[in-house]
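K.L.:
Spelled out, the chains give:
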Amino acid sequence: NAGVTQTPKFRVLKTGQSMTLLCAQDMNHEYMYWYRQDPGMGLRLIHYSVGEGTTAKGEVPDGYNVSRLKKQNFLLGLESAAPSQTSVYFCASSSRRSHQGSEQFFGPGTRLTVL
Amino acid sequence: TQLLEQSPQFLSIQEGENLTVYCNSSSVFSSLQWYRQEPGEGPVLLVTVVTGGEVKKLKRLTFQFGDARKDSSLHITAAQPGDTGLYLCAGAGGRSQGNLIFGKGTKLSVKP
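Taken in order, these protein sequences are the chains called G and E. 1 is the number of the first residue of the first sequence in the working numbering; add one for each residue after it. 116 is the number of the first residue of the second sequence in the working numbering; add one for each residue after it.
Just chain E, with the same shape it has in the complex (with noise of 0.2 Å):
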């Protein structure tokens, strides 16, 4: 069975601060996505990376792909109360059956 593990699971930080959230597998992937779920509503896509290496910025969020296909970080520089949440890994690809895989996820709160 292939799996995502993400961590940290929990992250709480003060606004301004910087923090990673990382999502590692020992399989390969093909693509990898990040989504990003609020309270009481369905995940939303941020991004998604193919190529080993890849790096995506989306304002302050930068995406990395791992240059095996096997692991991907999402960073936040200066956070904001607006980026808590839960951010989701899934990663598609190797043995899911065209199917995404997801991380268990890691649950952001920025306090102001």
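Just chain G, same shape as in the assembly (with noise of 0.2 Å):
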């Protein structure tokens, strides 16, 4: 089991550039999730998705797109990415809803720079 995955690793854009982060699980979890984590701000959700074809805002969704076609992927889009969206971006799964206890399983970031 590869658990969850992410490309690219890493991403330099510019101003204005569009780019789509990929995710993919091989655990067959339901519910999946995008945060990125910036220095003192821990992580924030920015969307999340309960199962194929659904997705829902996060905490911080401005300037991010998402889709869910397969249950296995969860992509992130940046239509036109600006410096403040630079990051650290994490993908996340799990089996059931967090209030029900339930662990998320994390892919090892992408880090994204938009100069």
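Hints were generated in silico from the structure; no laboratory data involved. Any given hint might turn out to be false.
[To be verified] Here are the simulated BS3-like cross-link-like pairs (lysine-lysine), alpha carbons at most 30 Å apart as the crow flies:
1. 174(E) to 222(E)
2. 172(E) to 226(E)
3. 219(E) to 14(G)
4. 57(G) to 14(G)
5. 57(G) to 70(G)
6. 9(G) to 71(G)
7. 172(E) to 185(E)
8. 57(G) to 71(G)
9. 172(E) to 222(E)
10. 57(G) to 185(E)
11. 222(E) to 57(G)
12. 219(E) to 9(G)
13. 9(G) to 222(E)
14. 185(E) to 171(E)
15. 219(E) to 57(G)
16. 226(E) to 174(E)
17. 185(E) to 222(E)
18. 171(E) to 219(E)
Hey, can you piece these two chains together into the complex? The hints should help.
P.N.:
Written out as structure tokens, the structure is:
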């Protein structure tokens, strides 16, 4: 089992460029999440999905879009990158919702720099 | 907005010392999790506590959930360099809409 994988690991963008981050999980989990981690800010939820074909906004969704066309994949898109989106992005998945005490499994992260 | 306040933000100690990290909120959570994150990697779950007053032990790590389920602590006995990392608490339930709310983390450095 690979668990949760993320591609790419690193990326540098110029302001205004677009890109898509791919997350894949092989644990047949229903729930998937995208977080960003900034120094001194902890992990903040961007968007999440409670199943194939569904998405919902988290705490900091502005400037991002997501899609969950297949159960195992969760894509995070930046349509017009801004320097404020420089961050480390983590994808996670879980078998149940967090309020049920379910563990979240995290990918290794994507370090994005927007110049 | 539910918030989880972690303290201290940074902790640098010598091998063999004991330490406690705190996670506090004014809100009640149905469960609280502790994760550890090493540089360049994603967080990994250490423990989940769900009952007020619950104490769980994981080798030299002791986790406690407050009686009112608003706070938690992580105590490490005889810290080792391998304990170095970022410790994150995360609460679920209440107004979190089924998602996890993370604290800002405690960065621990244990020097040999």
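K.L.:
Would you check the hint for residue 9(G) and residue 71(G), treating anything up to 30 Å between C-alpha atoms as holding?
P.N.:
Since the Cα atoms of residue 9(G) and residue 71(G) sit roughly 22 Å apart, the hinted pair holds (cutoff 30 Å).
K.L.:
Is the hinted pair residue 57(G) and residue 185(E) satisfied, with a Cα-Cα distance of at most 30 Å?
P.N.:
25 Å, holds
K.L.:
Quickly compare the C-alpha distance for residue 57(G) and residue 70(G) to 30 Å and report which way the hint goes.
P.N.:
18 Å, holds
K.L.:
Tell me if the straight-line CA distance from residue 172(E) to residue 222(E) falls inside 30 Å.
P.N.:
21 Å, holds
K.L.:
Would the pair residue 219(E) and residue 57(G) pass a check requiring their Cα atoms to be no farther apart than 30 Å?
P.N.:
It holds: about 21 Å lies between the C-alpha atoms, which stays within 30 Å.
K.L.:
Could you grab the alpha-carbon distance between residue 57(G) and residue 14(G) and see if it respects the 30 Å cut-off?
P.N.:
25 Å, holds
K.L.:
Need the status of pair residue 174(E), residue 222(E): alpha-carbon distance at most 30 Å?
P.N.:
20 Å, holds
K.L.:
Within 30 Å, alpha carbon to alpha carbon, are residue 219(E) and residue 14(G)?
P.N.:
28 Å, holds
K.L.:
Mind checking the alpha carbons of residue 226(E) and residue 174(E) for me, to see if they're no more than 30 Å apart?
P.N.:
20 Å, holds
K.L.:
What's the verdict on residue 9(G) and residue 222(E), does the C-alpha distance respect the 30 Å limit or exceed it?
P.N.:
Satisfied, since the Cα-Cα distance of roughly 23 Å is no more than 30 Å.
K.L.:
Given the hinted pair residue 222(E) and residue 57(G), is their alpha-carbon gap at most 30 Å?
P.N.:
29 Å, holds
K.L.:
Given the hint that residue 185(E) pairs with residue 222(E), test it: the Cα-Cα distance must not exceed 30 Å.
P.N.:
Holds. Residue 185(E) to residue 222(E) sits at ~22 Å (cutoff 30 Å).
In summary, the structure agrees with every hint in the numbered list given earlier.
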